[in-house]
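Colleague: Using the sequences and the hints, build the whole thing.
Just so we're on the same page, this note's numbering is the position in the sequence shown counted from 1, plus 24.
Hints were generated in silico from the structure; no laboratory data involved.
Backbone N, C-alpha and C define an ideal beta-carbon position, used for all residues, glycine too.
There's no promise every hint is true.
To be verified - Ranges between beta-carbon positions, derived for each pair:
1. R28 with A87: 34 to 42 Å
2. M41 with V79: 42 to 50 Å
3. G39 with L74: 29 to 37 Å
4. S26 with V79: 48 to 56 Å
5. L91 with R37: 19 to 27 Å
6. H81 with Q32: 38 to 46 Å
7. P77 with L33: 35 to 43 Å
8. M25 with L97: 39 to 47 Å
9. L74 with M41: 44 to 52 Å
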Amino acid sequence: MSDRNEWQLGLRRGGEMAAVFMIGDGMLGLLQPSRHVELWRSDVTAVDMLIRPFVDHPLRRRAYGLLQLAAGLALASALRRR
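Modeller: Rendered as structure tokens:
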């Protein structure tokens, strides 16, 4: 396999990993929003700032989970066509 093909394969694999993460995180946020948000609460301000909009707002987290799921599936689908 040429260096270029190996690099392209690495990029596709990285994209696939991102899609899997988005799909999985989206499903957890959709199905168990409160538990998932509580798990990610943190004393690290930067991390907690990302989670704070979803605290006590399970419908908001579910909507974001649906968006993550759709984006992950779209990414995986785009990778398949190449």
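Colleague: All the hints need checking, so say for each whether the structure fits it.
Modeller: Consistency of the hints with the structure:
The given range of 34 to 42 Å is respected by R28 and A87, whose C-beta atoms sit roughly 40 Å from each other. The beta-carbon spacing between M41 and V79, approximately 28 Å, falls outside the hinted interval of 42 to 50 Å. Checked against the given bound of 29 to 37 Å, the beta carbons of G39 and L74, roughly 22 Å apart, lie outside it. A beta carbon spacing of about 49 Å between S26 and V79 agrees with the range 48 to 56 Å that was offered as a hint.
Between L91 and R37 the C-beta distance comes to about 24 Å, which sits within the given range of 19 to 27 Å. Look at H81 against Q32: about 40 Å separates their beta carbons, and that is inside 38 to 46 Å. Evaluation of the 35 to 43 Å hint for P77 and L33 yields a pass: the beta carbon distance comes to about 37 Å. As the Cβ distance of M25 to L97 is approximately 28 Å, the hint placing it in 39 to 47 Å is violated.
In this structure the supplied range 44 to 52 Å is violated for L74 paired with M41, their Cβ-Cβ distance being about 20 Å.
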